[in-house]
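J.: Numbered according to the working numbering, the sequence shown spans residues 1 to 276.
No lab work stands behind these hints, which were simulated from the structure alone. No experiment lies behind these values; they were computed from the predicted model shown. Just so you know, not all the hints are guaranteed correct.
Claimed, not checked - Here are the simulated lysine-lysine pairs, BS3-like style, with alpha carbons at most 27 Å apart:
1. 21 x 253
2. 253 x 175
3. 21 x 232
4. 253 x 114
To be verified - Restraint-style ranges between C-beta atoms, simulated for each label pair:
5. 248 x 226: 16 to 24 Å
6. 35 x 166: 53 to 61 Å
7. 140 x 174: 18 to 26 Å
Think of the CB as a built atom: it goes at the ideal place given N, C-alpha and C, for glycine as much as any other residue.
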Amino acid sequence: MSLLSEERKQYILEQLDGGGKVRVVQLAKELQVSNETIRRDLAVLEEEKRLRRVYGGAVKVQYETGEPPYQQRQVLHHEAKQKIGRCAAALIQDGNTIYMDTGTTIHELAKALKGRKRITVLTNSLTVASLLRDSLSQGLFSGRIIILGGEISPDQQSVSGHLCLDMLGHFYVDKAFISVGGVSIVTGISDYDMNDSVISRTATSSAKEVIVLADYSKMGIQAFCHIAPMEKIDVVVCDHPYPPSWGQELELKGITWMVAGDIHPSAAPNGQYAAH
């Protein structure tokens, strides 16, 4: 395989999306170029802030000291998060009991929750609880909101701790909507905050269906705190199709991939989902 510079760089980025890490020697072999050519390609991509070089290769760019505060994250990939939120809202049915975690993409799901009846929402997110309270009082949906108790984190706008875990343990839900910091086909879903990750891990274990909301920047990322293996996930809602190398594993694990669009999700011929 002999490719031009831009084609090589695109191939490198696709491999990063799939596995989160690439090695110089392996890329040189696959692309039939010298190790030095690959190193130059990696240097250019690092200057463009599309990867970070490490010894022997490169890894996908991620937060190394934890995510920024909640307010800063709200503006990152905002349009993609809006599309994902609208798509995920279409999965909620009348009478459902659902869990919503603390992510900024979940906030967009809460905004899109309209027209449903007899919904019970369980959450440890202060912003989600506040937003849904206003929607409920305006008659945008009917049901009830249960906010988990515990210690408040101003940075994450969330509630966590032993009291929160204990209260969560008293409930089972139909659907758990989880917003994550990273999705790896090998290691599963993960996040950066230890306390919130423990709550999300517990929620995934007690839900009949686990639905992960993540924009494409999270693909191939392995964040600090493990939440659940891919086998525990039923649906991933993303703004892009899955990385090309993930197809077989997703099928083996029985995971439905939904590509968020402007309105409602519908089946696509390739086994993924699109919106129209």
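J.: Are the hints correct? Go through all of them and say.
T.: Hints and how they fare:
This hinted pair checks out: residue 21 and residue 253 have alpha carbons roughly 22 Å apart, not beyond 27 Å. Under the criterion of a C-alpha separation no larger than 27 Å, the hint pairing residue 253 with residue 175 is consistent with the structure, at around 18 Å. Between residue 21 and residue 232 the alpha-carbon distance is near 24 Å, which keeps this suggested pair within the 27 Å criterion. Annotation: proposed proximity of residue 253 to residue 114 is violated, straight-line Cα distance about 32 Å (limit 27 Å).
Between residue 248 and residue 226 the C-beta distance comes to about 23 Å, which sits within the given range of 16 to 24 Å. For the pair residue 35 and residue 166, the supplied restraint of 53 to 61 Å holds, since their beta-carbon distance comes to about 54 Å. Between residue 140 and residue 174 the CB atoms are about 20 Å apart, so this pair conforms to the stated range of 18 to 26 Å.
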